[in-house]
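One letter stands for each residue in the lines below.
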Amino acid sequence: MHPPMDRFQTVREIASAQVRLARALASQLRAHVPWQQALPGDARSGKRRARWLNVLRTGRARPSHAVLADHLAQVQRCAAELALWADRARAERRAAAAERERLESEAVRSREAEAAASARAAEDRRALEALHAEMDGLPTRLHPRYASLEAKARAVHHAVAAAELEADRLSESSARSRHAAFAGRELEAALERAEQTLRQLERAAAGAAEQVNRALGAHAASADARELAELLAAAVKEADPDAVESLAKETFRFLSERADAARHR
Amino acid sequence: MTLHGPEAEAYLGTLRQLLAVARPGAQYPDGRGLADRLRFLEPPLELDARSGLPSLRALGKVDADRSLARDFLDRHAAALPEKAPRFRDLLDAPLEPLHRVQVRLVHREGGASRIQVVRDLVDPASGCLARFTILALQRGEGQVSFARGDLSRASARFSDAVEEAASGDAEMALLALAKLPGLTPEDVVRGQLGPLCTARAPGPPLLAPVLAGSPSGAVLHLALERAGVTVPQDRSLDPLASLYRDALEPAARQRVEARRAELGYRVVKERRLVCSPELEPPLRAALAAAGARLVVRSR
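Note that the protein sequences, when read in sequence, are chains X and E.
All residue numbers for the first sequence refer to the working numbering, where the first residue is 102 and numbers rise by one.
All residue numbers for the second sequence refer to the working numbering, where the first residue is 902 and numbers rise by one.
Isolated chain E (complex conformation):
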């Protein structure tokens, strides 16, 4: 899906407004960083049909241009003065990478350490931006080593494993990381920004009638899933998503349940909706009629 001219501008404006209202916390992808990135998208605007957000290619183009900004200003600015302001702004913008694995030491005692791993990505399955925040206990330094006592350095194999594990649900990530030698994942949180639903791409059937009444309105989803040993019980507070295990075949589910009992974790899922002001009353009414208890905000 591609938008042009004023339509693209209006779409991005709506998304920026919803991000400003949403103020996603640290467990979500950086909302302010995304809003900053949106400033640099060039027309035509390519959207990911699954998420309603700008496509990875459109978002990545900003990084490509940014990586060339210094060189541009040194070499080409005099010959292409009309492009110089964009590259100057790109160089100054506080943009975060779309994909990264960051490791941080939380606590260290003897041979054991507690580490926090943050994995940001554009989810290839949904086209939404996702952040995994993993808290894990490590014995020894097989996966993450510590230079000068506290400077965390993840092994390439560990980074690869995180990239592979943190690409589906939080529960899948926890199960996968628990296979790594010397590492016990305690808590995995997956925060997701998106999809952005509009009348043109209304997403879940529950929202379609609400969005049909407002062609310029939009709803941004903020989904959070947490799998961890401190979660009191399995609960899905998100009527638009099911627990990972519930979607498995009986044989597969049996294996996963056995592993879950071994690891002692539970899963909770929740979702917030941030919408255009004119959509708030009908959206609340539609959710109440469907018996879905979701937090809805428009300001």
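Isolated chain X, as found in the complex:
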């Protein structure tokens, strides 16, 4: 799977796709209205004419079933693309969750190792203090034991420094992992929000496809054009591109903050 910075880029792509598809869906749903208005008045109001009379008027405009079939294809394509992006957002969220869990357990491991290193340093420091006390107890530096105690104390001193360095390193690593895990949580939340929005849009597109399909199936596209237009207009509200855009803006802002923080580090 992708490293986290790539995942930020993916979230950016998902947010862009979300806005693009919300706009496309709304415009596809609205596109039905001019077509409905272009229908003859009797068709809009639901009156039916004898089919053979209609057929003999060939060439005036595209037949409603052909327009609806195209419309269905467009809305279905939009719904399919939305479903793909929603699946992608879910996959990325799961990967981000796995990554975050790994970071959290890494942070715990680092913290434990840091505690062990600190304990070792403290123990060594106590041993060092005991050595210094023993050295101070000798009458003179020229005492035969002084040199060996001094060498031992130097070695313990180095061990203390190394353990403290290790503890510092592990503490930093633990903090880094905790920060990354925290950012991962935010990323998961952004991806979850994106997935929910995409699923909502997908439902709106699928609902619109259902309406168009039903109109086609009933072979009553002209007669029910007004009703269909109203249903699709309701679907436009459901797929409100402004709401999607503001959600995406929030995501973009979050991503910019994370990118700034990453640069700062």
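To be clear, the hints were calculated from the coordinates, so they are not data collected in a lab.
There could be a bad hint or two in this list.
[What the hints assert, rightly or not] What follows is a set of in silico ranges between Cβ atoms, one per label pair, in the way DEER data are often shown:
1) Ser128/X x Ala1162/E: 48 to 56 Å
2) Pro998/E x Val209/X: 53 to 61 Å
3) Thr903/E x Gln297/X: 23 to 31 Å
4) Ala994/E x Arg354/X: 39 to 47 Å
5) Gly1012/E x Ser117/X: 48 to 56 Å
6) Arg203/X x Thr903/E: 35 to 43 Å
7) Ala921/E x Arg124/X: 39 to 47 Å
8) Glu287/X x Asp972/E: 26 to 34 Å
9) Pro1133/E x Arg124/X: 22 to 30 Å
10) Arg124/X x Leu974/E: 41 to 49 Å
11) Arg124/X x Ala1159/E: 28 to 36 Å
12) Glu910/E x Glu287/X: 28 to 36 Å
13) Gln297/X x Leu974/E: 21 to 29 Å
Here a beta-carbon is modelled for each residue, glycine too, at the ideal position from N, C-alpha and C.
Using the hints, position chain E against chain X.
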């Protein structure tokens, strides 16, 4: 009507088998293309209750996915590897569009040209797949123009007119196209795949008792209607359908008859039935008892 899991698989398997036996010719919608498309239908399977075939929405979903296949493989394949094989197969599959108007020049001499128009669609009235093959004589280039001498290019108005005309019977299509200036339709053939009749949706009453005896059996209809000046006489060899004119009110029929005399065309209708092997004997017997002479095949 929606089928799930193994039931959907079995249904599609039966339809594929019947299509393989039927081997519909060029005047029908592309049977092999349909069989290919069936491979990509995802559960649950939505059926059109009128035709017994997968619904336009189910069939169209395949096109929607196919149009996204390239983009999917470029952008999402690494993150969604379980979906990649389907999109790769979709990209390679030789699928034909469900709806289209194609124009081809057959012959050109002076200012006159003979053109062939093929219109494919999922018939909104029946939910069956239909193909109209229209042979027409054109004077001038008002409807179809020819780039570089022979590359046909239909005007948007002509494509719209074909879409409108070719949505009912072949005879209706011929009558409607004859209204276009500079165009004389000579021959219109309408080939239809479907309905697919089963015990659950047996279709015409003639088939119901036969299908009731075999819950897993199915019958696929292949209907052909031809309206043209070279058809020797009006004949309906299809006991399950009547001629367009026969269904009209007297006043309307009078107008259509007058127009028909002017255009000089006649109409013939026929139907073939392709069924599961176990249905062939009872189906033949039922048709013989009803005096219906239809070609029935199961292998």
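message: Quick check on a hinted range of 53 to 61 Å for Pro998/E and Val209/X, using CB atoms only.
response: holds (57 Å)
message: Verify the CB-CB distance for Thr903/E and Gln297/X against the hinted window 23 to 31 Å.
response: At roughly 26 Å between Cβ atoms, Gln297/X and Thr903/E fall inside 23 to 31 Å, so the hint holds.
task: State, for the Cβ atoms of Glu910/E and Glu287/X, whether the hinted interval 28 to 36 Å holds or is violated.
output: violated (44 Å)
- prompt: Cβ-Cβ distance between Ser128/X and Ala1162/E: within 48 to 56 Å?
  reply: About 50 Å separates the Cβ atoms of Ser128/X and Ala1162/E, which means 48 to 56 Å holds.
message: Range first: 21 to 29 Å. Now tell me if the beta carbons of Gln297/X and Leu974/E are that far apart.
response: holds (26 Å)
field: CB-CB spacing for Leu974/E and Arg124/X relative to the 41 to 49 Å hint
entry: Given range 41 to 49 Å: violated, Cβ gap about 25 Å.
Outcome for the supplied range 35 to 43 Å, where the beta carbon pair is Arg203/X and Thr903/E: For Arg203/X and Thr903/E the Cβ distance comes to about 42 Å; the hint holds.
- prompt: Cβ-Cβ distance between Arg124/X and Ala1159/E: within 28 to 36 Å?
  reply: Given a distance of about 53 Å, which is not inside 28 to 36 Å, the answer is violated.
- prompt: Taking the CB of Ala921/E and the CB of Arg124/X, does the distance hold inside 39 to 47 Å?
  reply: About 45 Å separates the Cβ atoms of Ala921/E and Arg124/X, which means 39 to 47 Å holds.
- request: Determine whether the Cβ-Cβ distance between Pro1133/E and Arg124/X falls within the hinted range of 22 to 30 Å.
  value: violated (58 Å)
task: Can you let me know if the beta-carbon spacing of Ala994/E and Arg354/X is within 39 to 47 Å?
output: holds (43 Å)
- request: State, for the Cβ atoms of Gly1012/E and Ser117/X, whether the hinted interval 48 to 56 Å holds or is violated.
  value: holds (54 Å)
In this structure, the earlier hints numbered 9, 10, 11 and 12 are contradicted, and the remaining ones agree with it.
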